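All chains, please: the whole structure from these sequences, using the hints.
There are 2 protein chains.
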Amino acid sequence: MEAELKEMLNDLDSLKQSQPDPSNLASSILKLQSRVEHLTKLAKSAPVRRTKVQDMSAEVVDSNPYSRLMALQRMGIVDNYERIRDFSVAIVGIGGVGSVAAEMLTRCGIGRLLLYDYDKVELANMNRLFFRPEQVGMTKTDAASQTLSDINPDVVLESFTLNITTVQGFETFMSSLRNKSFRPNKEGSGVDLVLSCVDNYEARMAVNQACNELNQTWMESGVSEDAVSGHIQLLIPGETACFACAPPLVVASGVDERTLKREGVCAASLPTTMGVVAGLLVQNTLKLLLQFGQVSPYLGYNSLKDFFPTMEMRPNPQCSNAACLERQKEYLLVKPARDAAIIAKMEAEALSVPEGPLHTDNEWNISVVDDSAPERTDATSSDALPEGLTRELPAADEFQKFPAAEPATATFDDIEELRKQLDALNAD
Amino acid sequence: MEAELKEMLNDLDSLKQSQPDPSNLASSILKLQSRVEHLTKLAKSAPVRRTKVQDMSAEVVDSNPYSRLMALQRMGIVDNYERIRDFSVAIVGIGGVGSVAAEMLTRCGIGRLLLYDYDKVELANMNRLFFRPEQVGMTKTDAASQTLSDINPDVVLESFTLNITTVQGFETFMSSLRNKSFRPNKEGSGVDLVLSCVDNYEARMAVNQACNELNQTWMESGVSEDAVSGHIQLLIPGETACFACAPPLVVASGVDERTLKREGVCAASLPTTMGVVAGLLVQNTLKLLLQFGQVSPYLGYNSLKDFFPTMEMRPNPQCSNAACLERQKEYLLVKPARDAAIIAKMEAEALSVPEGPLHTDNEWNISVVDDSAPERTDATSSDALPEGLTRELPAADEFQKFPAAEPATATFDDIEELRKQLDALNAD
Numbered sequence: 001m002e003a004e005l006k007e008m009l010n011d012l013d014s015l016k017q018s019q020p021d022p023s024n025l026a027s028s029i030l031k032l033q034s035r036v037e038h039l040t041k042l043a044k045s046a047p048v049r050r051t052k053v054q055d056m057s058a059e060v061v062d063s064n065p066y067s068r069l070m071a072l073q074r075m076g077i078v079d080n081y082e083r084i085r086d087f088s089v090a091i092v093g094i095g096g097v098g099s100v101a102a103e104m105l106t107r108c109g110i111g112r113l114l115l116y117d118y119d120k121v122e123l124a125n126m127n128r129l130f131f132r133p134e135q136v137g138m139t140k141t142d143a144a145s146q147t148l149s150d151i152n153p154d155v156v157l158e159s160f161t162l163n164i165t166t167v168q169g170f171e172t173f174m175s176s177l178r179n180k181s182f183r184p185n186k187e188g189s190g191v192d193l194v195l196s197c198v199d200n201y202e203a204r205m206a207v208n209q210a211c212n213e214l215n216q217t218w219m220e221s222g223v224s225e226d227a228v229s230g231h232i233q234l235l236i237p238g239e240t241a242c243f244a245c246a247p248p249l250v251v252a253s254g255v256d257e258r259t260l261k262r263e264g265v266c267a268a269s270l271p272t273t274m275g276v277v278a279g280l281l282v283q284n285t286l287k288l289l290l291q292f293g294q295v296s297p298y299l300g301y302n303s304l305k306d307f308f309p310t311m312e313m314r315p316n317p318q319c320s321n322a323a324c325l326e327r328q329k330e331y332l333l334v335k336p337a338r339d340a341a342i343i344a345k346m347e348a349e350a351l352s353v354p355e356g357p358l359h360t361d362n363e364w365n366i367s368v369v370d371d372s373a374p375e376r377t378d379a380t381s382s383d384a385l386p387e388g389l390t391r392e393l394p395a396a397d398e399f400q401k402f403p404a405a406e407p408a409t410a411t412f413d414d415i416e417e418l419r420k421q422l423d424a425l426n427a428d
Numbered sequence: 001m002e003a004e005l006k007e008m009l010n011d012l013d014s015l016k017q018s019q020p021d022p023s024n025l026a027s028s029i030l031k032l033q034s035r036v037e038h039l040t041k042l043a044k045s046a047p048v049r050r051t052k053v054q055d056m057s058a059e060v061v062d063s064n065p066y067s068r069l070m071a072l073q074r075m076g077i078v079d080n081y082e083r084i085r086d087f088s089v090a091i092v093g094i095g096g097v098g099s100v101a102a103e104m105l106t107r108c109g110i111g112r113l114l115l116y117d118y119d120k121v122e123l124a125n126m127n128r129l130f131f132r133p134e135q136v137g138m139t140k141t142d143a144a145s146q147t148l149s150d151i152n153p154d155v156v157l158e159s160f161t162l163n164i165t166t167v168q169g170f171e172t173f174m175s176s177l178r179n180k181s182f183r184p185n186k187e188g189s190g191v192d193l194v195l196s197c198v199d200n201y202e203a204r205m206a207v208n209q210a211c212n213e214l215n216q217t218w219m220e221s222g223v224s225e226d227a228v229s230g231h232i233q234l235l236i237p238g239e240t241a242c243f244a245c246a247p248p249l250v251v252a253s254g255v256d257e258r259t260l261k262r263e264g265v266c267a268a269s270l271p272t273t274m275g276v277v278a279g280l281l282v283q284n285t286l287k288l289l290l291q292f293g294q295v296s297p298y299l300g301y302n303s304l305k306d307f308f309p310t311m312e313m314r315p316n317p318q319c320s321n322a323a324c325l326e327r328q329k330e331y332l333l334v335k336p337a338r339d340a341a342i343i344a345k346m347e348a349e350a351l352s353v354p355e356g357p358l359h360t361d362n363e364w365n366i367s368v369v370d371d372s373a374p375e376r377t378d379a380t381s382s383d384a385l386p387e388g389l390t391r392e393l394p395a396a397d398e399f400q401k402f403p404a405a406e407p408a409t410a411t412f413d414d415i416e417e418l419r420k421q422l423d424a425l426n427a428d
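In order, the protein sequence lines correspond to chains A and B.
Letter by letter, the first sequence follows residues 1 to 428 in the UniProt record's numbering.
Letter by letter, the second sequence follows residues 1 to 428 in the UniProt record's numbering.
Derived by calculation from the structure, the hints in this document are not laboratory data.
A couple of the hints might just be wrong.
Pairs count within a copy or across copies, as identical chains cannot be separated in the list.
[To be verified] With a straight-line Cα cutoff of 30 Å, these simulated DSSO-like cross-link-like pairs (lysine-lysine) come out:
1. Lys261 - Lys41
2. Lys335 - Lys345
3. Lys345 - Lys305
4. Lys186 - Lys305
5. Lys41 - Lys305
6. Lys31 - Lys186
7. Lys305 - Lys335
8. Lys261 - Lys186
9. Lys329 - Lys52
Being a predicted model, the structure only gives us computed values, none of them experimental.
Below is the structure:
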């Protein structure tokens, strides 16, 4: 823009030098020139994008946008940080959680981001991070693409302005997840992880359906209507409960959740709760993709008490989702071989450990016990079949109020009952 | 900018209509016009600020930036959300945590923010949220003021480009905290809370000194050098441990921490960890200011295991900070009256509860027990005196590795030893 304005000034200069005639022309031109000079000053505050970076460098200079991330290698946290450029992450719902998750992954230098939303930016969204008042009226996908590409032009951005709960939207969603042009030799689908950051159960069920069909690992996130609690959950088709294995009451009862909304009433939201949930979601994404730390199967955030419940949910062998049952069968078939491989690897690692103390200065000869042993599997395959939902209660010793619609509140009997009701409804 | 460009087009039109002479003038003008038209298109993407809002409204319309926050009242979380406009929060250090904390408070509609930093924005900061590449080279205070006032022009922003660890910087810091022009009838200092978001111990000790002198409640935050853990801590002079009550090793040993930094080596950082810490910090700020939920005295975040340790630290009666000892004396003097008032209030509330069941539909007559009873105080005041540091270990039943410099790692004996060393060094 500044170059454009400079050219304009030059043109005006030459126009002036040709001196075609009267004094009023000269004064008009002077006036124009001062205007353009003023514009130039204004334009100086306009965005200038940074250039793309070929390779991630660990060099410690102020101009290196990746120095603090590559330092994770020197700190011993991540083996190969630059691998992040190979990964594709799809984010469904670019609202209070999804937009912040997208920004975090963009700043971390993720290879490719796929963004899905059909909504527009409103002033009523300004109490959460990311969107700015000047973006009001833009689609969330356009506004996000603009902001994210300014922040980090190295990230490949693909945005889809669509509703995944429509037939057409779901088909486009599925084909975009299957598309492998970014990394043609990748196994499975075209993305490494799907993050669900939507605000309704219908959309969660659509993500669940797509991921079950594609055997795609995904993470679910949510924030309560009263804005003070939230959760993230890891879903691996066949291995963990899917979203339909223990459906929330509103889903199981077959009620259209849109009919529950009342005119003139909206959910509360806070940038804090959504920022924390987005942070926990992307931190677990990084742990999963870059293989460090422990990925949480479920992590809740109760902000009133700063309490963080955890649990695990196994798949429901009577799940109403056919694709889930397929994935469960596949998982049980490969599980013995997988467990054997893990045990073999652990034994090999144990053999390679020298007989003496692990550390020469470890005078007490204390070492940390590896707790990554596979789940105990019983001899008969029928015993190995999960007999329904098993839940581990949160570790806290005090009463914890969960949001009403959370799967965790339902007891096994409730689920069984709800499933029957749901099946009956579906059979109509 | 668009208005400016429109005027320019009008001027060019009138210039053209006067038709002074040759054809090259006309063609030059046409060329200029097309340039200006192009500029107009470019300018459309330039920021347009929203206008100020007189009162916070709960009306559920897309154009209301506060509808989702005012909904906290209808949800029964906050009694009077609009009170947030009365509060002043000072944020020291506008880096990875402080900038996000400032944005969250701005989007929540805080009354007044005071920002302190002396650093400039670098491309190497782009792996954390908030700052944008086009702000590189600006001071962090200027860049933050620009972004925050665009997001929410209702917030009163005061920024101080200074280093609080210098004599001059500390004096300006102190006088800015004392300034009561925003709310002249406020008790105590001119701010309601100080948030420390700095990255070094010298600055933390400066905040500690200022807050002890002013009897100012503050919150401390920090993120580990390996980017995967962090913490927040509430410090109430006289009532909780101050930062000097159990100083980190590097502070206690009197070593200049700057000498520990090595050329070509930087700390790692992640937008996730910093986003989570900022979220937890501001959530606790909102709980403290708007009086809902429970404010955490200390909350850690170990992201590798998604573990969140909590603890409490009482003041050290042998603290090396004279102002801390003053505050401890004051606190012990008012404590019996304070506890009596709390007990009287609780008894009054218990009396006002009707004899029958609390809820008519509560057939089991179950009610939640109030756990906000004050600490047990013994009859003799000498017994009530804390006899040194008492620590509550984190609630988890597994081994937890704390960052080396955390106060929590030191045992009482270590602290005693370190304090003696520190006093000896100070005496030199």
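Against the structure, the hints:
1. Lys261 - Lys41: neither (49 Å within a copy, 40 Å between copies)
2. Lys335 - Lys345: Result: close within a single copy only, 15 Å intra versus 60 Å inter.
3. Lys345 - Lys305: This pair counts as between: shortest inter-copy Cα distance 23 Å, intra-copy 41 Å.
4. Lys186 - Lys305: Result: close only across copies, 29 Å inter versus 43 Å intra.
5. Lys41 - Lys305: neither (50 Å within a copy, 50 Å between copies)
6. Lys31 - Lys186: neither (61 Å within a copy, 51 Å between copies)
7. Lys305 - Lys335: between (39 Å within a copy, 25 Å between copies)
8. Lys261 - Lys186: Result: close neither inside a copy nor across copies, 42 Å intra and 42 Å inter.
9. Lys329 - Lys52: neither (45 Å within a copy, 59 Å between copies)
Hint violations for this structure: numbers 1, 5, 6, 8 and 9, all remaining hints satisfied.
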